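K.L.:
Okay, here's what each chain looks like letter by letter:
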Amino acid sequence: SAVISQKPSRDICQRGTSLTIQCQVDSQVTMMFWYRQQPGQSLTLIATANQGSEATYESGFVIDKFPISRPNLTFSTLTVSNMSPEDSSIYLCSAFPQVLSEAFFGQGTRLTVV
Amino acid sequence: GIQVEQSPPDLILQEGANSTLRCNFSDSVNNLQWFHQNPWGQLINLFYIPSGTKQNGRLSATTVATERYSLLYISSSQTTDSGVYFCAVEGRSGNTPLVFGKGTRLSVIA
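As they're listed, the protein sequences go chains A and B. All the letters of the first sequence, read from the start, carry residue numbers 1 to 114 under the working numbering. All the letters of the second sequence, read from the start, carry residue numbers 1001 to 1110 under the working numbering.
It is worth saying that the hints were derived from the structure and are not from the lab. Careful, some of the hints might be misleading.
Claimed, not checked - No more than 20 angstroms apart at the CA atoms, straight line, and that leaves these computed lysine to aspartate or glutamate pairs for EDC-like:
hint	chain 1	residue 1	chain 2	residue 2
1	B	1054	B	1010
2	B	1102	B	1010
3	B	1102	A	11
4	A	7	A	87
5	B	1054	A	102
6	B	1054	B	1067
As the list claims (entries may be wrong) - Selected chain A positions facing chain B (Cβ under 7 angstroms, derived; list incomplete):
hint	residue
7	33
8	45
9	52
10	66
11	90
12	102
13	107
14	110
Keep in mind that this is a model prediction, so the values were computed, not measured. All C-beta atoms, glycine included, are put in the ideal place defined by N, C-alpha and C.
Pulled out of the complex, with its shape left as it was, chain B reads as follows:
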């Protein structure tokens, strides 16, 4: 099946710093999503981005489908950005469950 690799596994930032999280995937995909998991375990949808670039406030994401990777940018980080960020993909056959990477654990310190 499709493989999803995220890097780095852990990241510690000073408040106000910028960061880039990477997601590599092993095959063509119908769907790529970025999630933030809060301390209570809830998954928050950040981006649905099978290709192209999107921005939402301090967050933006870019997926280069032909090269099988996606990047999540966090600018001017805040302590509330702390948590685990997951990349998940759905294979080309469609209507199949998302396959998750192992996540990047982000800690933003004041």
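Next up, chain A with everything else stripped away, as it sits in the complex:
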């Protein structure tokens, strides 16, 4: 099994500020995925992050609001920019350590915007 370390685990932020979430995988992976889970809802994919190229965003998510970095094969960051209370959610990163295997998730970042 893979270990995916995500931090911070939780934060309370002022509206209008930005927060960067970090995700570290203990093995090299081709793609990493970022999800958002709004209160009481399921997980929704924000974007797919490939090393060496721009992230691919899902409908409803834009790079200006959720910039993503992928500097190497084990690390990625997601920034939530210009936050509003509607951004209060759990954010999770994920990866498949091996092809045709199970996906693993980081511990999640519980974000509250006040």
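Given chain A, work out where chain B should sit, using these hints.
P.N.:
Just chain B, lined up with the frame of chain A:
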């Protein structure tokens, strides 16, 4: 894209009871996983089960890929089983992100 439906949406059990959670999906899949989300938001991998049957303690899962459904069985439920159970699938094209169902919220009462 692929659709994932879970039932029931909510379930309340007395401690010691058994339950079955269902996951239907709309297309062929490479991967199907069951997760338990604990109260702190962490997703715990329960099963990686694109087909067949697996058991782990009081939990077991069966996926019938040809009929596009999976079942998660919880026997002798305990209060620590409470939380949300998610089914998630990866489409046939492979190396694509998991698509999640809406989950089943389970409450086990003593």
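K.L.:
Which numbered hints does this structure break?
P.N.:
1, 3, 9 and 10
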